[in-house]
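> Chains as they are written, first to last, in my numbering: chain A, 1 to 654; chain B, 1001 to 1263; chain C, 2001 to 2311.
I should point out that these hints are in silico values taken from the structure, not numbers from a laboratory.
Where a beta carbon is used, it is the ideal one built from N, C-alpha and C, also for glycine.
Hints should not be assumed to be uniformly reliable.
[What the hints assert, rightly or not] Calculated cross-link-like contacts (lysine to any residue; reagent style SDA-like; alpha-carbon spacing at most 20 Å):
(1) A/K580 <-> B/H1192
(2) B/K1114 <-> C/K2203
(3) B/K1099 <-> C/D2191
(4) B/K1082 <-> C/Q2193
(5) C/K2203 <-> B/M1078
(6) B/K1154 <-> A/S264
(7) A/K34 <-> B/Q1151
(8) C/K2203 <-> B/Q1079
(9) B/K1082 <-> C/H2098
(10) B/K1154 <-> C/A2173
(11) B/K1154 <-> A/T292
(12) A/K34 <-> B/H1136
(13) A/K34 <-> B/K1154
(14) A/K34 <-> B/M1134
(15) B/K1099 <-> C/F2250
(16) B/K1082 <-> C/V2105
(17) B/K1099 <-> C/H2192
(18) B/K1195 <-> B/N1094
(19) B/K1154 <-> A/E273
(20) A/K473 <-> A/W451
(21) A/K34 <-> B/K1195
(22) B/K1195 <-> A/G536
(23) B/K1082 <-> C/H2192
(24) B/K1082 <-> C/F2250
(25) A/K34 <-> B/E1138
(26) A/K477 <-> A/I372
(27) A/K34 <-> B/H1192
(28) B/K1154 <-> A/G37
(29) A/K477 <-> A/N491
(30) B/K1154 <-> C/Q2193
(31) B/K1154 <-> A/R296
(32) C/K2203 <-> B/Q1086
(33) A/K34 <-> B/M1078
(34) A/K302 <-> C/R2298
[Claimed, not checked] Facing chain B, according to a computed beta carbon distance under 7 Å, are these residues of chain C, among others:
(35) Q2193
(36) L2196
(37) P2201
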Amino acid sequence: MTGLMPSSGLRDTFPKLLLDNARLRADKPANREKDYGIWLTWSWSQIAEEIRALACGLKDLGVEPGDKVCVCGDNRPHLYWALTAVQSLGGVPVPVYQDSVAEEMQYIYDHAEAKYAIVENQEQVDKLLEIKHQIPNLKSIVYNDSRGMRHYDQGFLHLYADVQDRGRAYDAAYPDFFLSAVDQGQGSDTCAMLYTSGTTGRPKGVMLSFDNLLITANNGCIREGLSEDEETLAYLPMAWIGDNIFSHAQAYCAGYCVSCPESSDTVIEDLREIGPTYFFAPPRIYESLLTTVMIRIEDAAKSKQRMFHYFMGVAKRVGMDILDGNPVAFGDRLLYGIGNILVYSPLKNVLGLSRVRVGYTAGEAIGPDIFIFYRSLGLNLKQLYASTEASVFITIQPDGQVNPESAGTPAIDVDVKITDNGEVLFKSPGVFQAYFKDEQATRETKTADGWVRTGDAGYMDGQGHLRIIDRSKDVGKLRDGTLFAPKFLENKLKFFPHIKEAVTFGHDRDYVSAFINIDLESVGNWAERRNIAYSGYTDLAGQDAVYDLIQTCVEQVNGDLAADEKLSGSQIKRYLILHKELDADDGELTRTRKLRRQPIAERYAELIDALYSGKTHCPVEAQVTYEDGRTDTINADVQIRDAMTHGASVRAAE
Amino acid sequence: MSEQNRSPDILLNVEGISLSFGGVKALNNISFDVRKGEIRAIIGPNGAGKSSMLNCINGFYHPQEGQITFKGETRKQMQPHKAAEQGIARTFQNIALFKGMSTLDNIMTGRNLKMKTNFLWQALHLGPARREEMQHREAAERVIDFLEIEQIRKTPVGRLPYGLQKRVELGRALAAEPDLLLLDEPMAGMNHEEKEDMCRYILDVNDQLGTTIVLIEHDMSVVMDISDRVVVLDYGKLLADGTPDVVRANQDVINAYLGVTHE
Amino acid sequence: MEFMENVFVLPFLDIADSPVFFLEVIISGLLSGVMYSLVALGFVLIFKASGVFNFAQGAMVLFAALTLVGLMEQGVPVVIAILLTALLMVVLAILIEHMMLRHLVNQEGIILFMATIGLNFILEGVGQIAWGSDVKKLDIGIPDQSFEYAGMLFNTLDLSAALIAAIMVTTLALFFQYTGTGRALRAVADDHQAALSVGIPLKSIWIIVWSVAGLVALVAGILWGTKVGVQFSLVLIALKALPVLILGGFTSVPGAIIGGLIIGVGEKVVEVYWGPAFGGAIEGWFAYMLALAFLMFRPQGLFGEKIIERV
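With the hints as constraints, model all of the structure from the sequences given.
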């Protein structure tokens, strides 16, 4: 690897890395995008020119050093270029979640004091026009896709390609401008501001410097040995720190190619065509991939099913050991080899994961079954412990020592320590500069000597691996003092494919109870195979057969809990299946699909009361908001059931 | 094509059309016109003769009386594939897609009339035929992009949900780059969200591709929102004709249609 | 007891005794199976595109073979004779469309079926009036020699026939899948009304389909004719296509191919090993028994479209 260290002076900012890559890897692919059914490719030298034109055009439009520029849309090469173009002018790009509603956008534009916006299409322009009068700072909007924009004649709207044309003219008039602007950038400059989705309160703007992102990215490349030949697919929101590292910073450091899917609905297809070697997905994606596989298997012929289950059994027994390089008997190796030809390879191919060398997951705990499933297929799936404030990497599971329960060992240059009350703290080159305009929050999170509080409770195990239990503030106690870790329980429930979301209650209560959201696809399929008719989620969720199905899941979790002395008291005594799916549009989940406990507790107070009374039924009425903003009311009579709990004696019996 | 337009504004003129099956009069002396570039709705209760009217325009039915003038050419009888050649494309009330074929193939059939190379070249799959196939594929991809159905490009349409099938059917009609698009209840059986999507696509087609559209619908609210002018039929007779506001105010319409409960 | 032994024991002992011979039987079965596939393919093409079960397919095979032999008897060189016959089959397709199909649009399938029975008699009659009804030898220059390879006996004629049939089948499959005309044909097969609305002219599609079926009949006629001589019994070969269709499904091109192979192999194996138990000549009726079994347990055939109702 040639001079990858960013702080060498030459390669300490994105624009400098870009120019370097345009020289070193001029004809190597940098970006791909599928358009009209065909993959278009841009080389590093081509994107350098595109970015230069855009940067000069933005300059001509009035962008000055220090200006905040919001970037919003699906993963598109043009939007990634916008990040670097803004950075080369000394501006600070602020990626915004593309599915934010106008109100959420307004807060960010307002708080970030954004003067410019570079957005994907009409949908995003419309949202901005709706709130334009509330964000007086916003001067111009650049949009990339002209579709549907014919009748928009506002002077502050500019087509991306037109801005680039202006830029080329500007560049011709001031040929020295671009390079000198790039030269002025330094590693310590703020290079991006990312808003954390905020499980509590308003989102906070995390300011990150070039050094934060690039040193961390580079350390990640070194740890996994990433080269310019990697392939990745950028399909997670650009506003999320992970995408900034995996699809932008690491691509610039190592020089590999980032492909963008045709649309958010074609990701699976595109995955198959690109065949990434370096792949990140949150647990829910691995989960839903697995669910689609299982559904297809259940629809397959009996003989195929038998073959699948037999070889998956073999994989479960020896696959992980083979992947980790542990000794395995010859006979098993042979069986695994046959299984690889008949089952594992075709399966990975269908999922688009055949070439994955390094697969990451983070964000939430991944179900051990799911984790083991992928690893036993020979897919090197590893968990990370990551945060926006760390520019992603805190700990990574090292190759060969992957334990489903742990989050791995600290990444390069990262120190981790645990406080007396169990909170995880870290210190690294990636530690953020500050929260924008929020000194108090900065001081609460970042100690004077540079440690960052994660707010997570965890401990280091015997092998020096970090284990995370829960959010430290979420760990509560039942009335009798028993430990109650809601997220831990919820994850255990969610590991069943039939359960999509779960909310548990128990802090300051006599016992633990739970709300369940069934997985419509999985349970729907289950119901269809049993000829159970249903008209939609609410109907299906209320059926006795479905309750019976969920009952077995809940009781299985109770069995697991009973085996653990500390957690035995927090078995789930009563539960209900919610009559509607928890939804980010209703403010019940964050945009990254994390629970928002407070709003849920308020909205469903009646149901919670019912869980802690003797009732077996509770009539409810709920408001739902559709994507287009319309609201509707659902009426339902929610059934409440008791689950069997086990005494501590179970442990002895096992 | 001979362009002998009497009035450049009128794309389609229907004069005194009467159609009967056996003794039943499905259409009785219907006349109206469709201007270039407008969205024209035909509404009326079930059995009012709306679909029969569309079937006359694209040549599935041959009316006993009256004449139809399309692009200045007057005709009494018309064969469906001739109508297609002249630039009339349509969708059906009960989706008529090629169920066993993929979305892409269905849309490609819409390009059928634009294919110039003959059967022999295609059989050999050589030279011009191959080049032409590429061009048509590109045109089909534009339609796919326009309707945002990339994710189902390769899926056999028989497996798609109803709403998407409707969209693919619209795509097949669009692939022919028609001058006149006939939509037979494009929103029937859809939920609210799907209806809004379909409305947006219809408006986009009209606005961005400049296609003239005649649509049948019995959801009044939708029709009134998106059409420029509305024809109201009732038991095969023309009840009213005009802008949505005019039609809404028409007493006959109120009596016959709006006043009565309908689906 | 002896019968049981003949059915359940001896054949397997024979097979185990000489696996090479068993292989030889299978290969000869495959080779004749390809020929069945070819005839069945003619049926499938027309059935898919127009929903007509073409009873006259066998007669078309005979008609094409008779014409070819007739032309060659007149001293026309082989290649030109084949081209002329092919042309005649296309003309025939045009005539069928003009004089028959055009007038029967939107009629019940059974009426079209009756019409093809009529067509069957016309073709048989015309062919025999024009060219006579003697058994004729057809020789278009494919060598007919036997040779041994790896201990098995092969015949060059069988091999060439199988090769030609395989090429024909592959070409047709590709044509259907990848060309505009192929797509239009599939579209017509799927939904007549919708096909009309996108401007696919039904009439020319029918002409194309019947022409292709005619050409397939010509190839089948050449191959069978070379093998068994051109005679009236060629019509009966078409009857063999019926069990093939039932096995493969009436609408599936791959089904026709695989169905043909199964019947071909099944027939030969059964005849050689189980023939003695039944006093021989099982070949004649085995295929129909197999078809009957299929009708009971899997009426849509191996590859036929399952009928899925969407609620």
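> It remains to establish, for every hint, whether it holds in the given structure.
Do the hints match the structure? See the list:
1. Distance restraint check for A/K580 and B/H1192: the Cα-Cα separation of roughly 18 Å lies within the 20 Å cut-off, and the hinted pair is therefore satisfied.
2. Between the alpha carbons of B/K1114 and C/K2203 the distance comes to roughly 18 Å, so the proposed pair stays at or under 20 Å and holds.
3. Between B/K1099 and C/D2191 the alpha-carbon distance is near 8 Å, which keeps this suggested pair within the 20 Å criterion.
4. For the hint linking B/K1082 to C/Q2193, the alpha-carbon distance of about 14 Å falls within 20 Å, and the restraint holds.
5. Only pairs whose Cα atoms come within 20 Å are accepted, and C/K2203 paired with B/M1078 is accepted, the gap being roughly 15 Å.
6. Of the pairs offered as hints, the one joining B/K1154 and A/S264 holds, with about 16 Å between alpha carbons and a cut-off of 20 Å not exceeded.
7. The hinted pair formed by A/K34 and B/Q1151 meets the criterion: a straight-line CA distance of about 12 Å does not exceed 20 Å.
8. For the proposed pair C/K2203 and B/Q1079, the alpha carbon gap of about 12 Å is at most 20 Å, so the pair holds.
9. Simply put, B/K1082 and C/H2098 have alpha-carbon atoms about 19 Å apart, close enough for the 20 Å limit, and the pair holds.
10. Proposed proximity of B/K1154 and C/A2173 is supported: the alpha carbons are some 19 Å apart, at most 20 Å.
11. A distance of roughly 18 Å separates the Cα atoms of B/K1154 and A/T292; the hinted pair therefore holds under the 20 Å criterion.
12. Proximity of A/K34 to B/H1136 is assessed by CA-CA distance (about 18 Å); at most 20 Å being required, the pair is judged to hold.
13. Distance check on the hinted pair: A/K34 and B/K1154 sit about 15 Å apart at the alpha-carbon level, within 20 Å; holds.
14. With a CA separation close to 17 Å, the supplied pair A/K34 and B/M1134 stays within the 20 Å bound.
15. For the hint pairing B/K1099 with C/F2250, the CA-to-CA distance comes to about 17 Å; that is within 20 Å, so the pair holds.
16. Between B/K1082 and C/V2105, the direct Cα distance comes to roughly 17 Å. Compliance with the 20 Å bound is thereby established for this hinted pair.
17. Our distance criterion of 20 Å between C-alpha atoms is met by B/K1099 and C/H2192, whose separation comes to about 12 Å.
18. The hinted pair formed by B/K1195 and B/N1094 meets the criterion: a straight-line CA distance of about 16 Å does not exceed 20 Å.
19. Annotation: proposed proximity of B/K1154 to A/E273 holds, straight-line Cα distance about 13 Å (limit 20 Å).
20. Distance check on the hinted pair: A/K473 and A/W451 sit about 19 Å apart at the alpha-carbon level, within 20 Å; holds.
21. Taken as a hint, the A/K34 and B/K1195 pair is broken in the structure, with Cα atoms around 28 Å apart against an allowance of 20 Å.
22. Distance hint between B/K1195 and A/G536 is fulfilled; the C-alpha atoms sit about 19 Å from each other, no more than 20 Å.
23. Of the supplied pair hints, the one linking B/K1082 and C/H2192 holds, its CA atoms being roughly 15 Å apart against a limit of 20 Å.
24. Taken as a hint, the B/K1082 and C/F2250 pair is broken in the structure, with Cα atoms around 32 Å apart against an allowance of 20 Å.
25. Simply put, A/K34 and B/E1138 have alpha-carbon atoms about 13 Å apart, close enough for the 20 Å limit, and the pair holds.
26. Restraint check for A/K477 and A/I372: not satisfied, since their Cα atoms lie roughly 32 Å apart, outside the 20 Å limit.
27. With a CA separation close to 31 Å, the supplied pair A/K34 and B/H1192 exceeds the 20 Å bound.
28. Distance restraint check for B/K1154 and A/G37: the Cα-Cα separation of roughly 11 Å lies within the 20 Å cut-off, and the hinted pair is therefore satisfied.
29. Annotation: proposed proximity of A/K477 to A/N491 holds, straight-line Cα distance about 18 Å (limit 20 Å).
30. Pair hint B/K1154 plus C/Q2193 does not hold up; C-alpha atoms about 23 Å apart against a cutoff of 20 Å.
31. The suggested pairing of B/K1154 with A/R296 holds, with an alpha-carbon distance near 18 Å, which does not exceed 20 Å.
32. Of the pairs offered as hints, the one joining C/K2203 and B/Q1086 holds, with about 18 Å between alpha carbons and a cut-off of 20 Å not exceeded.
33. Straight-line distance between C-alpha atoms of A/K34 and B/M1078 comes to about 42 Å, which puts the hinted pair past the 20 Å bound.
34. Using a Cα cut-off of 20 Å, the hinted pair A/K302 and C/R2298 holds, with the two alpha carbons roughly 17 Å apart.
35. Annotation: interface hint on C/Q2193 holds; nearest CB of chain B at approximately 5 Å, less than 7 Å.
36. Annotation: C/L2196 was flagged as interfacial toward chain B, and the flag holds, the nearest CB pair being 4 Å apart, inside 7 Å.
37. Look at C/P2201: its Cβ gets to within about 5 Å of chain B, closer than 7 Å, so that hint holds up.
Of the numbered hints stated above, those contradicted by the structure are hints 21, 24, 26, 27, 30 and 33, listed in ascending order.
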